[in-house]
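Make the full structure from the sequences, and use the hints.
Read top to bottom, the protein sequences are chains G and X. Per the working numbering, the first sequence starts with residue 3, numbered consecutively. Per the working numbering, the second sequence starts with residue 8, numbered consecutively.
Check before you lean on any hint, since a few could be wrong.
As the list claims (entries may be wrong) - Using C-beta positions, here's what the derived DEER-type ranges look like:
# : chain 1 : residue 1 : chain 2 : residue 2 : range
1 : X       : Thr129    : G       : Thr240    : 42 to 48 Å
2 : G       : Asp284    : X       : Ala87     : 29 to 35 Å
3 : G       : His15     : X       : Phe172    : 30 to 36 Å
4 : X       : Leu152    : G       : Arg58     : 31 to 37 Å
5 : X       : Ala216    : G       : Leu8      : 36 to 42 Å
Simulated from the structure, these hints should not be mistaken for laboratory data. Backbone N, C-alpha and C fix where the C-beta goes; we use that ideal spot for every residue, glycine too.
So the chains spell out like this:
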Amino acid sequence: MNIFMLVVRRFLHAFLLILAVLVLNFLLIHIAPGDPAEVIAGEMGGATEEMLADIRKSYGLDQPVYVQLATYLGKTLTGDLGQSFFYNAPVLDLVLDRVGATILLVVTALIFAIVVGTLLGVLASHNPKGIVSGLVTLVSVVGYSAPIFWTGMLLVIMFAWLVPVFPISGMFDITLSDDFWTRTIDIAHHLVLPALTLGIVYLAQYARLARASMLEILGSDYIRTARSKGVSELSIYTRHALRNAILPVVTIAGLQFGSVVSGAVLVETVFSWPGLGTLAFDSLLARDFPTILGILFFSSLLVIVANLVTDVVYRIVDPRIRTGN
Amino acid sequence: MWFTELLILAFEQETDVSTIEAEKQPTSQSPFREALRAFRQSWAGMLGLIILIAIALFSFVGPMVYGVDPFEIVWAPLTAPGEVATVPLGTDQLGRDMLAGLIHGGASTLFVGLTAGFLTVTIGILVGSMSGYYGGAVDEALMRLTEFFQVLPALLFAMVLVTIFPPSILIISIAIGIVSWPATARLTRAEFMRIRNLEYVNAARSIGAKNNRIIWRVILPNSLAPLIVSATLTIGIAILFEAGLSFLGLGDPNVFSWGMMIGAGREYILDAWWTISLPGFMIFLTVLGFSLVGDGLNDAFNPKLRER
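So this is what it looks like as structure tokens:
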């Protein structure tokens with residue numbers, strides 16, 4: 003199959019997944035106990051009878067279920083995610099306002115985890131019984147077992163009391179000037195602790211994965227061939243082995259995007275990072291249903307897009323997958 | 008160690024006949040005993056087991072030894088650990104005894120972990136075995152479903168479920184089970200695809216065994232090893248999940264759990280580190296125990312790794 007057809011197929015696939023998420027959202031509104039109109043309005047919205055009648059009309063709630071579903075899909079796909087009565091704003095605006103912060107956090111954490119994780123894994127593979135190797139195992143077991151918000155809070159305590167060098171809350175300091183560079187550096191400064199907290203969990207896993215695949219690759223025939231023709235050890239690691247060892251790490255990272263987004267919800271809450279996670283938390287407290295569903299939809303969308311990108315890039319980068327089956 | 012010694016002993020008593028027969032051929036050992044022996048040699052597995060036993064004793068014997076009611080207000084709010092002798096680990100934001108809370112919180116945390124873990128594994132095995140055994144259209148349909156659940160950010164979806172339904176610990180366990188099964192399903196599917204065309208499966212088919220029998224009696228027992236390993240990890244993940252939900256304030260407010268303590272103490276983090284750190288540490292320890300046991304089992308079941 004040529005690459006173009008493949009990309010088209012993946013896109014179609016992604017679109018179907020998006021539709022499925024919307025159908026799920028629709029079901030959730032109807033499963034929730036009580037009148038769907040009141041669910042849409044949200045319990046804390048203090049919706050009047052007029053508003054409810056309005057919702058019933060615009061969502062076609064007096065129509066048969068399949069018409070309602072079609073109306074809902076049509077509305078959402080044209081960008082109408084409903085109205086938040088708690089924030090008194092369209093859900094789409096609320097979500098778009100916050101999604102950038104979440105993407106920044108998630109992508110920074112993932113890049114940090116992939117780069118440092120792979121590096122540690124490679125170092126560990128150089129001496130499978132050495133200190134680095136043991137450290138990687140230890141960090142991965144600990145990083146895996148610690149609740150992410152707990153790690154975050156320990157960091158908060160540490161950086162609030164002991165070494166107050168990083169800000170522990172928010173995304174930027176409003177007292178600083180609006181100049182582009184000042185702002186960028188300020189945001190980067192605020193980003194350190196949340197990204198570190200979120201990244202540590204995955205860093206440990208990637209280090210372990212990179213170590214395992216490096217060990218496997220270093221024992222393979224083509225590395226022996228490279229050694230026998232006198233390629234330097236450094237070049238074997240960086241040019242021959244690393245290229246293949248990083249592939250599984252990137253694949254897993256792409257697949258884990260959803261789990262990273264979940265983790266971001268908790269990390270954002272700990273550090274008051276103004277992303278989708280804190281929005282979800284606030285709207286849950288207010289039982290603001292349209293906003294929560296909007297966030298669920300949007301974050302699924304993020305995951306679908308991330309998977310799509312990983313998949314396509316992966317197929318283009320790795321010739322074995324491109325030509326094989 | 009004494010615990011595995013006990014297990015081996017119990018196993019030997021159950022299978023008298025096979026032990027006698029095994030004595031004639033001293034080289035052959037049951038895979039179960041061999042795995043148990045390997046598990047005993049794995050320091051990770053044994054350490055994990057010790058941690059879990061300690062936690063179980065703490066949670067189930069603890070209430071008998073330390074009889075303080077976790078809901079009772081015993082001292083001034085936010086008393087630091089060690090400050091007052093009668094409340095060794097201090098008090099929470101309402102003045103309730105932290106140690107009593109930790110002791111009573113364990114049972115419900117373990118309940119959620121085990122229930123949700125069981126549910127996850129059950130759904131995962133059902134979907135994975137059907138998908139891997141039948142292949143074709145069944146596989147295609149079930150894998151699309153699995154993919155769909157992998158795309159949904161699990162925590163957000165569980166948050167929505169717990170908001171719709173009243174947050175009892177059973178509902179929380181069910182919500183966790185519903186969102187976490189895809190990994191188990193993929194693992195089961197891979198195992199089934201590997202095994203379904205092996206000779207002993209063909210042999211079973213040739214003597215007229217029905218699909219159901221082949222799936223549950225022939226293939227499943229032979230794919231159990233990796234599934235058991237993943238099940239122990241699943242319990243750990245479920246406990247972390249419950250902790251996350253509780254931290255967001257979505258736990259069951261009427262039941263003492265470690266997660267609930269964390270959720271309640273969240274706002275006092277800078278004034279009273281112990282309200283968060285202590286229950287967080289208990290959760291960490293429990294999940295660590297389960298993942299170490301998983302590591303040990305992995306070593307035990309995997310002969311290739313064992314040789315290293």
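Against the structure, the hints come out as follows:
no.: 1; hint: X:Thr129 <-> G:Thr240: 42 to 48 Å; result: 46 Å, holds
no.: 2; hint: G:Asp284 <-> X:Ala87: 29 to 35 Å; result: 31 Å, holds
no.: 3; hint: G:His15 <-> X:Phe172: 30 to 36 Å; result: 32 Å, holds
no.: 4; hint: X:Leu152 <-> G:Arg58: 31 to 37 Å; result: 32 Å, holds
no.: 5; hint: X:Ala216 <-> G:Leu8: 36 to 42 Å; result: 40 Å, holds
Checked against the numbered hints listed earlier, the structure breaks none of them; every hint is satisfied.
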